[in-house]
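So the protein lines, in turn, are chains A and B. Position 139 of the first sequence, counting from 1, maps to 230 under my numbering, and the rest follow consecutively. Position 259 of the second sequence, counting from 1, maps to 260 under my numbering, and the rest follow consecutively.
In case anyone wonders, no lab produced these hints; they're calculated from the structure. Honestly, I wouldn't trust all of these hints.
Unchecked claim - Heads up, incomplete: computed chain A residues facing chain B, CB under 7 Å, no partners named:
no.	residue
1	Ser250
2	Gly259
3	Ile273
4	Ala277
5	Glu355
Owing to the predicted nature of the structure, the values given are computational and were not obtained by experimental measurement. Where a beta carbon is used, it is the ideal one built from N, C-alpha and C, also for glycine.
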Amino acid sequence: MKRLSAFNVVSLTLGFAFLYIPMLILILFSFNESKLVTVWAGFSTKWYGELMQNEAMLQAAWVTIKVAVFSSTIATVLGTMAAYVLVRSGRFLGRTLFSGMIYAPLVMPEVITGLSLLLLFIGIGLDRGVLTIVLAHTTFAMCYVSVVVSSRLATFDRSLEEAALDLGCSAAEAFRLVTLPIIAPAVVSGWLLAFTLSLDDLVIASFTTGPAATTLPIKIFSAVRLGVSPEINALSTIMIGIVTVGVISASLVSKRALVKQRQEEQEAVRTS
Amino acid sequence: MATPVFEPWNDPDEKPLIQFQNVSKRFGDFTAIDDLTIDIFEREFFALLGPSGCGKTTMMRMLAGFEAPTEGKIFLAGQDIAPVPPNQRAVNMMFQSYALFPHLSVWENIAFGLKREGMPRNEINARVDEMLRLTRLEKFARRKPHQISGGQRQRVALARSLAKAPKLLLLDEPLGALDRKLREETQFELMDIQEKTGTTFVIVTHDQEEAMTVASRVAVMDNGQVKQVATPADIYEAPNSVYVADFIGDVNLIEGKATATGKGSYALHWRDGVEPLTVESQNIFSDGQTAHLAIRPEKVTISADRPAKAANAVQGKVLDIAYLGNLSTYHVELPTGDVIKAQTANTRRISRRAYTWEDTVWLSWTASGGILLAN
Chain A
92 MKRLSAFNVV SLTLGFAFLY IPMLILILFS FNESKLVTVW AGFSTKWYGE
142 LMQNEAMLQA AWVTIKVAVF SSTIATVLGT MAAYVLVRSG RFLGRTLFSG
192 MIYAPLVMPE VITGLSLLLL FIGIGLDRGV LTIVLAHTTF AMCYVSVVVS
242 SRLATFDRSL EEAALDLGCS AAEAFRLVTL PIIAPAVVSG WLLAFTLSLD
292 DLVIASFTTG PAATTLPIKI FSAVRLGVSP EINALSTIMI GIVTVGVISA
342 SLVSKRALVK QRQEEQEAVR TS
Chain B
2 MATPVFEPWN DPDEKPLIQF QNVSKRFGDF TAIDDLTIDI FEREFFALLG
52 PSGCGKTTMM RMLAGFEAPT EGKIFLAGQD IAPVPPNQRA VNMMFQSYAL
102 FPHLSVWENI AFGLKREGMP RNEINARVDE MLRLTRLEKF ARRKPHQISG
152 GQRQRVALAR SLAKAPKLLL LDEPLGALDR KLREETQFEL MDIQEKTGTT
202 FVIVTHDQEE AMTVASRVAV MDNGQVKQVA TPADIYEAPN SVYVADFIGD
252 VNLIEGKATA TGKGSYALHW RDGVEPLTVE SQNIFSDGQT AHLAIRPEKV
302 TISADRPAKA ANAVQGKVLD IAYLGNLSTY HVELPTGDVI KAQTANTRRI
352 SRRAYTWEDT VWLSWTASGG ILLAN
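For reference, chain A alone in the conformation it holds in the complex (with noise of 0.2 Å):
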């Protein structure tokens, strides 16, 4: 195997350890004895088990999660119907300009969106609380979804929706039965985006929440506010760990995908 130069060693180093370090001090400290963060004072699991005892941490972890899995589905759901019909439709008046707005929450701040989806919720008088919540995040998050599923919807054979249609098929059905098994990847990774985004937005949800939902970034961040406690060093270690386990698990998943259809793919050229 190639050694590495210096030059590279050096620049590896600095990199992961600028991406890694804060990490690693936070699952540090997790594991502390002390109620002080920056004292060290032996190993000890006692902040996890004091963090499942926090009713109100626990409540909004709860909320969270009802958010994001409601906000990422409505925005699956949207979102590629909107991607479909921006690849699928080809020319129609006012393309151009809808297929602009569409990508337009992407690139806007949001404290905008958070306050205009205010503005809004309050000029209809919807009282705040979780659905506010889901309706700010599907909105956001939507425009993620259609951009993921519209780059697979590019590449798509249309003769395979075509074909379907020649075989019987009404434009519904071909659609669910061709099209959306196709494309189920990227939809599945649409609502994974989503969910991630919707997990760990601070911003527009504090802008849209009421006092019956706290999410838990909100939690943490008013919490933080007071002190930063070894008990949120233990939430913040579970999720990392959550994402890490969910990160490499999907990946292997698709990697040994891969390999079996080349696999197959060879054997095929073989066998024939």
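Given chain A, put chain B in place with the hints provided.
Just chain B, lined up with the frame of chain A:
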């Protein structure tokens, strides 16, 4: 016992399965199909042949229902099909890319159309098995499309489009993705399957050999117009225009002025100071009218001495020899500067070839060997 000749187009009582009546199709300013009228009969294997962009694929897509004619009408079995959506037409299509559903197995791909029809389960099983047998795919029923080879995919696409027993099967460049050997094999398989199922096939191709091999009739298209519709033999031996003669196979074209010398016999004055050519022709020409003699290279004989009784003989020098293995084409330059191609079968080994570069040779052909065309 002679088998009856299959020539429904010559039978005035026969009703065509498909009728294009003055069909035009325009995309914006571009005219893809220009006032096209054509009849296709039941059980025919009909080829649409032409260079890319000649409108042949547009014609096929209009039959399948993916495009609607701008003007004119298309009838399928006497019924105007313009208002019928693609999923309700008794027409199936085999796509150039095959368009196999990657998430379904070979078996499920073939059963797809039958399930949409709501056919009972045991009938679906029987029908799919029959299609698998017909296309020799029994062993691959459980595989996914990416697990089989290109030739097998082509057969799955064929089985899938035949499963619903359509009145009409459309094939869009069905063999384009296969290599030469497999393509030739598959051409015969296609003809075999067409005969067995009795389905009307319309094939789109730019490969003239393929069209000549498989089709009962060929329509030569150019720029959205049909130039000639005829059997492969007629297209080759009796083209109706210089375009068709030139498009199909190899041809020598000699332009001149025709003068009648008897009934159906003409003298073609093609160069000043050179003996006119003798041509027999069914087409009528007035004296002095411009005419083109189209003669196939294999109908031109090459010899060292002037043949005694040839109707036409010219002398020239061998300019080039294209050796194709079984055949050789000699390019012979005449004193006038014209180059005429003559083709002979290589019945002897190449080391014993009679003529070589720069040899002076005689080219001769009979009066009926070529065909005289006005344009």
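Going through the numbered hints above, which ones does this structure break? Give me the numbers in ascending order. 4
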